[in-house]
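Asks: With chain A's structure known, arrange chain B on it following the hints.
Residue numbers (the numbering used here), protein chains in the order written: chain A, 4 to 574; chain B, 96 to 342.
Don't read these hints as lab results, they were simulated from the structure.
Beta carbons are placed, not taken as given, at the ideal position from N, Cα and C, and that holds for glycine.
Partner residues aside, some chain A positions facing chain B, computed with beta carbon under 8 Å:
1. 469
2. 471
3. 474
4. 475
5. 476
6. 481
7. 482
8. 490
9. 494
10. 570
Label-pair ranges, simulated between beta-carbon atoms:
11. B:272 <-> A:558: 49 to 59 Å
12. B:114 <-> A:558: 42 to 52 Å
13. B:114 <-> A:195: 49 to 59 Å
14. A:411 <-> B:253: 38 to 48 Å
15. B:319 <-> A:417: 48 to 58 Å
16. B:338 <-> A:565: 50 to 60 Å
17. A:417 <-> B:328: 50 to 60 Å
The residues making up each chain are set out below.
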Amino acid sequence: MRTGRALLLVAAVAAVTAVGGASTARPGSSHGLPGSSHGLPTSSLRAIQPTQDSRAPVIIASKPFAESYVLAEIFAQLLEARGIAVDRRFGLGATEIAFGALREGAIDVYPEYTGTALAAILGEEMQADAEAVYRHVAGTFRERWDARWLAPLGFENTYAIAVRRETAEELGLATLSDLAREAGGLRAGFTPDFIGRSDGLPGLRAAYGFEAAEVLPLLQAVKYEALVESGVDVIDGYSTDGLIARYDLVVLEDNRSFFPPYEAAGLVNGDFWRRRPDAIAALSELSGLLDEERVREWNRRAESDGDPVTDIARDALVELGLVVSDGGETVEPDRAESVPARESERGSGAAAASAQSPVVGFASYMWQNRTDILGHARRHIVLVIISLGAAALLAVPVGLMLVRVAGGAEGVIRGIGLVQTIPSLALLAFMIPALGIGVVPAVFALFLYSLFPILRNTYTGVRDANPAAVDAARALGMTPAQLLRHVRLPLAAPVIMAGLRTAAVINVGTATIAAFIGAGGLGDPIVAGLALSDTRMILSGAIPAAALALLVDGALGLAEKRVAPGGVAVE
Amino acid sequence: MTTQSDPALRAHEAVKRYGATTALDRVSLEVARGSCVALVGESGSGKTTLLRCFNAMVRPDAGSVDVGGRPVESFDPVVLRRGIGYVQQEGGLLPHWPVLRNVGLVPWLRGEADAEERARGALDRVGLPPARFGDRWPRDLSGGQRQRVAIARALAGSPEIILLDEPFGALDAITRSELRRNFRQLRAEMGVTALLVTHDLHEAVELADEIAVMKGGALMQVGRPEELLNAPAHDYVEELLARAGVG
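So that you can see chain A by itself, here it is in the shape it has in the complex (with noise of 0.2 Å):
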């Protein structure tokens, strides 16, 4: 029953972690089919401030998409390979996140693209000039923000409407005008984003008069997938997703030119950029570099064959020529004796896994992972005894004074519970002016959820003890206090104890989210999962997340019944 319930909670809240992830990435979040290992780094535990050191390593960082932990990755390797340290900070929230990192300086650059600043960042009205828009979209956050676009990369990431080859063939489809005329005989399966963007179906709608016989609202993740099973025949995607040439789908031409210019570019911090002009200097070499057909074929390879980040942008950096190959091994020194040779262990184990039974295979993945999943678990509890500890200690004072208040107490703990109800993206992005990114904010926020369950049962507890009991032992002479500590307090220890309890639950389920904002834990592995379309690392998060949540019930549990004094039963 407590097991169920645990388990419960800790699914519920990663589908709501995995939700709030596929939803804000946007665009060229591609979440398709399992794929295979990734090696990514882990994080420091010390929260992220502004730096002043001009040698400190460049903070970088990327939203939670697999275009965007390559493009990232892209530019770190580049800056090694410029002998410029550096620090990674993948996978943050969302774009808001991002860029309210980027803003308040706890980071100092990552991949954006000019539609979307313009659309989500500045809230404005669509163009279709994208170097309009680029001018625009630098030239406004300069001046708003003091942040710098360096020069676009050199290829879009757009909307892309996608049909089977066989039914663009059968129909003659080749622009979005033909799939207008033919949309009455076929089923359309869109993210809610693209739904409800003004940018998106609305726009279709009105732009070509699109209007498709029905219309089903699909998740990232399940798109591609209903498409090539023929459970719909028209898709929303994005012209660089890889599963775009894996799937050999055609996209039709947008012959209207209605969807809006998402040019892809570093975003760069403005204290950064005239701190740092080597750094500046070593990003610019991509300018106008990429385009969307190596790009889409870096995508397939993150998401569909399971190839490491790490070896993509290697890979990239040397067909770009910015970087020598020496025998495709590995091209910076000071990387050379970690990650790519934890890569290639793990190739060889996918490889012999491949042959054994899913179960076999997915164990012997977090076997040969297990350095990485200790350190995500070891930062995951952290995190939990930081913010449960601070939690207790100021909720249990504060419930045990609203017994005394009487008047009010219901109005303070219904406002702390209003907490509860703020989304947890939602509270990290408030937090970024205050507290930036990294462990500080996450602690904090997680501090904030486990404060309702403490004090409610604190405040509960102790207001509705054994009545009897106390109207007798302040009838034959306790005082206040004596009530409170003798009587009020030990009869209500088991039910402060199951409030903690169900904090701590939430807690250890809640803080995936940390990952968001750079603060590591078990949501790292399952952020990257998410964004790289890797079950397996999915799973190499979610299930110790689940296990830890279980123990944490459990040893809760068995302290809920030392706390209760003798003579008092709990169930």
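Replies: Relative to the frame of chain A, chain B by itself:
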């Protein structure tokens, strides 16, 4: 100034209101030292409210309430309560304290060195050998045993006054009459003044020197049982006696 002639408990024109309802409507009552008065009436008639005025658990809105000739509000309520025994219907034993510790509550609160000894004595007096019952948890006792423990706890501090709120109300008939006998004996031995709330007229007749009948917050009549029978001051008193089949 307290003198021997002052009644142990005295309420004069006591009024208590809870919002729109009047729980006590100018009630005046005296309980002589060493006597036992039973407050009878239906639930909601104000019996418990009146009882709790005497240990400062309820503060009247108007009128005066004295204990031993002294106004209740002149006492430190904690000190006053430690000097008055109290038994409630549910017993109100602390569930997380063993029986002996429950019984020794008041001596322990007063910081008396012989608290445990007194608790043993009190437990013995209510017919529960401390060696057998002292270490038990309240939940391991029968209902009757729990009420005995509650009475022992009320008497362990050797109070001059004891307040009882339906002390036998939740018990079966046999246990009840046994406990009544036991209580009457104890009171006789210890000479303690008692105010007893009950809705059971038989109990009132058996235990009390005087019966006070309450209705709707007002005191209808106070008198010895035979006075009430022979000269009911009010139709309600007559009706109540007739209904209970007392006579």
